[in-house]
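Chemist: Here's the letter readout for the chains.
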Amino acid sequence: MSLEVLTRPSPARISPSPAGQLQPTHAHKPRRHVLDLDDFTVQEVEAVLQTTAAMKDVLQRPIKKVPTLRGKTLVTLFYESSTRTRVAFELAAKALGADTVSVAAASSSVTKGESLIDTIRTLQALGADFVVMRHHQAGAPYVVADEVSASVINAGDGWHAHPTQALLDLFTIRERLGRIDGLRVAIIGDILHSRVARSNLWGLGLMGANVVLCGPPTLLPAPDFCDGLPWSFLRTYRVDEAIEGADVIMLLRMQLERQSGGLFPSLREYVRTYALTEERLARAKPGAVIMHPGPMNEGVEIDPRVARGNQSVIETQVTNGVAVRMALLYLLSGLPA
Amino acid sequence: MPDPDQKQLLGADDIRRAVARLAHEVVERNSGVESLVLVGLRTRGIPLARRLQQRIDEFEHERVPLGELDVTLYRDDVYQRAPRILSPTSIPVDIGEKTVVLVDDVLYTGRTIRAALDALIDLGRPRAIQLVCLVDRGHRELPIRPDYVGKNVPTSRHEKVAVRLEEIDGVDEVVLIQPVQVPA
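Residue numbers (this note's numbering), protein chains in the order written: chain S, 6 to 342; chain A, 121 to 304.
Worth flagging that the hints you see were computed from the coordinates, not collected in a lab. Even glycine gets a Cβ: it sits at the ideal position worked out from N, Cα and C. Some clues are possibly wrong.
Derived CB-CB ranges, DEER-like [claimed, not checked]:
#1 S:D151 - A:Q200: 40 to 48 Å
#2 S:G292 - A:R136: 41 to 49 Å
#3 S:L234 - A:A248: 52 to 60 Å
Computed list of chain S residues with no C-beta within reach of chain A, every gap over 10 Å [said to hold, decoys possible]:
#4 D44
#5 A59
#6 V63
#7 E119
#8 N302
Produce the entire structure from the sequences given, and follow the hints as far as they go.
Modeler: Right, here's the structure in full:
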């Protein structure tokens, strides 16, 4: 079986702008929110990646703090659990001198029945300049963004999007491999339920990577999933085919909490058919990097030896998560030219 | 044809001589180059610092360490302008107990230098910080003064001083740009 091509046969690829031509797109239209990568331009992604490198530099200094966002307040509002995303945002805000407040829906007035909009209005009245939110319902941050003057950053909405994860993945790939354009990136696992995969499709497609989606038929999106996108993606059920010649292997968490519907026969069968092991990894390009957005189910989608091997950048992804969020907060903070 | 609204203040030869003099002044004031670090401020301070390093090397036969500093994150007007893409800050040596010579192209309000001082002090505790500027155009808003000046230029606040350097702009010159007259 050959790889199945999703969407149009001749994708209209947007070519990256030549180096040195970077203009923050804010010069034309100020960006206030980061909801998904579907409205990002190549130039904007470039601006984020370049700024992230400078922010990473700040984090490696003896004093890991700059005064840029002094007096600003960032609120994290999480309706779903999170460790790395929420902590990364808080560390990023603190490193830029902003104050942070963390609201977990489970311990807030949400449990008294306060609506999302009322919660947001309250946070705004309390002086939030940035609202970082995670919600179990796709589109929730969009509803919020229309209602407030604060900048809204989507930290994951349902199955829909997780743009800051995709940006940190792009940064990590380029940091390790020097480029994104033309790389073959295999995304393996539960694509259907994955907001990380969806945002990465936008980001990787925009930056010129060739993406292969791989997973059990029931966990892959329908073949018309990518209709209307300007890029094409490959789609396969066979993990060896996906890994063959890959520069990047991105594993997704098997979302055990979303598997009550019998979408695959058994966990053991999934491990046998799809888990990334050292033998399977041998088919990838030498030096291919292994990524995982976390949290990992070690021994399910990934063999622990591979997760801790020298091709794994999983911990680097977490570290880069702080720098990329610093870059976004900084880029969202200025006025349009 | 030269733009009628622009007046050349320094040509390529003038800049070359000014940089040579500044290099000698820095070495003379510090009685040598020991424990000196040159730090160029982005954007045009960086090639200027590199030229000073080269000059000093020519007569002292010593390569003074050279760093680059982007002060954007320390500016006091972050919210009043469009965000700029950051460039990396790289200072190859520990600046603790060193004499840091900051290099910038134009000294104007002094706010960039204020930001640079804060940025440097976050990186370490230099023994001293000195300031080189190619052009001092006056109108300071902070109590900051240069230690070495290429040329003092009296200007009005409405005018603009543009330093153009071979490495970035393809030409070496300093021009004074008159504001565009808006017809009444």
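Chemist: With reference to the structure, classify each hint as holding or not holding.
Modeler: We went through each hint and held it up to the structure:
1. For S:D151 paired with A:Q200, a C-beta distance near 26 Å fails the hint of 40 to 48 Å.
2. The hint said 41 to 49 Å for the Cβ distance between S:G292 and A:R136, and at roughly 47 Å that hint holds.
3. Distance hint check for S:L234 and A:A248: the Cβ-Cβ separation is about 58 Å, which falls inside the suggested range of 52 to 60 Å.
4. The beta carbon of S:D44 sits about 17 Å from the closest Cβ of chain A, which is more than 10 Å, so the claim that it is off the interface holds.
5. Distance check on S:A59: its Cβ comes as close as 4 Å (rounded) to a Cβ of chain A, failing to clear the 10 Å threshold; non-interface status is violated.
6. Not every beta carbon of chain A lies more than 10 Å from that of S:V63, the smallest distance being close to 7 Å; the non-interface claim is violated.
7. Every Cβ of chain A is farther than 10 Å from the Cβ of S:E119; the closest lies at roughly 31 Å, confirming the non-interface assignment.
8. With a minimum CB-CB distance of about 37 Å to chain A, S:N302 clears the 10 Å threshold, and the non-interface call stands.
The structure fails hints 1, 5 and 6 (numbered hints given earlier, in ascending order).
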